[in-house]
Amino acid sequence: MTDQPQAPAAKPDPTPSADLDAAAVAAYLEAHPDFFVDHDELLPAMRIPHQRGDTVSLVERQMKILRERNIEMRHRLSQLMDVARDNDRLFDKTRRLILALMDASSLEEVVMSVEDSLRQDFQVPFVSLILFSDNAMPVGRWVSAAEAQGAIGGLLSEGKSVSGNLREHELDFLFGEEQRKQIGSTAVVALAHQGMHGVLAIASRDPQHYKSSVGTLFLNYIAEVTGRVLPRFTHSLRSVR
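Note that full-length UniProt numbering has the sequence shown beginning at 1, numbered continuously upward.
These are computed hints drawn from the structure, not numbers from a lab. Each hint should be verified, as a subset may be incorrect.
[As the list claims (entries may be wrong)] Here are the simulated BS3-like pairs of lysine-lysine, each with C-alpha atoms no more than 25 Å apart in a straight line:
id: 1; residue 1: LYS93; residue 2: LYS160
id: 2; residue 1: LYS211; residue 2: LYS93
id: 3; residue 1: LYS181; residue 2: LYS211
id: 4; residue 1: LYS211; residue 2: LYS160
[To be verified] Restraint ranges, calculated between C-beta atoms of paired labels, are given here:
id: 5; residue 1: PHE218; residue 2: GLY195; range: 22 to 28 Å
id: 6; residue 1: LEU77; residue 2: ALA146; range: 49 to 55 Å
id: 7; residue 1: GLN62; residue 2: ALA24; range: 18 to 24 Å
id: 8; residue 1: ILE71; residue 2: VAL25; range: 28 to 34 Å
id: 9; residue 1: PHE218; residue 2: VAL25; range: 52 to 58 Å
id: 10; residue 1: ILE65; residue 2: ARG205; range: 41 to 47 Å
id: 11; residue 1: ALA146; residue 2: VAL83; range: 40 to 46 Å
id: 12; residue 1: HIS32; residue 2: ASN165; range: 54 to 60 Å
id: 13; residue 1: GLY176; residue 2: PRO138; range: 19 to 25 Å
id: 14; residue 1: ARG85; residue 2: GLU30; range: 37 to 43 Å
Think of the CB as a built atom: it goes at the ideal place given N, C-alpha and C, for glycine as much as any other residue.
Modelling step: build the complete structure from the supplied sequences, incorporating the hints.
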């Protein structure tokens, strides 16, 4: 024994070492997601601030995040299902039109099949099918290639559809002045096959319905098939070029 006072036993430093920072802890937990399964005694002591200033356990917070993600995923799945149903309906309408075009026995049946299907099945309020030739035929609307090139030459690139807002003189040529006043947006695709040229245009009163980025897969398909059927019933058609 000694009369000298004894120094108190050293206590562990409560401050974590420099190398055990938050990033290291986060990295470790990310690499060991089952850590709290084997150390569930730590969970009661852990608290995470809530948005309202309260505290919730880590498990509760995790469940809240998972619920939010689940709701978001269900919302995305619902949107995808809606798109799939819309595409299925479009495909069925397109299939019926294609079969009608294949069964057509005259130019009149071809023109009527396209216009009636777009107006009635697809519920398109404004439809314009124009064919180009210097020798107009008695069925459908025909204009000379030069007239078409002068009016809508910028819309006639083969294999390229155009959608969005058109200029007034383009709308006048495609739909006429009276209908032009009611049109908000338009989708246009050129017809071109075996010397047969023309244009198929559809329009909506809604300025946002046919945006410049809107998909025109089905319209392109309809135009492509129509362009291949028409030469069966037409002759002496001059190219747009």
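Hint check:
no.	hint	result
1	LYS93 x LYS160	22 Å, holds
2	LYS211 x LYS93	22 Å, holds
3	LYS181 x LYS211	18 Å, holds
4	LYS211 x LYS160	15 Å, holds
5	PHE218 x GLY195: 22 to 28 Å	25 Å, holds
6	LEU77 x ALA146: 49 to 55 Å	52 Å, holds
7	GLN62 x ALA24: 18 to 24 Å	21 Å, holds
8	ILE71 x VAL25: 28 to 34 Å	29 Å, holds
9	PHE218 x VAL25: 52 to 58 Å	54 Å, holds
10	ILE65 x ARG205: 41 to 47 Å	44 Å, holds
11	ALA146 x VAL83: 40 to 46 Å	42 Å, holds
12	HIS32 x ASN165: 54 to 60 Å	57 Å, holds
13	GLY176 x PRO138: 19 to 25 Å	20 Å, holds
14	ARG85 x GLU30: 37 to 43 Å	39 Å, holds
Violated hints are absent here; each numbered hint is respected by the structure.
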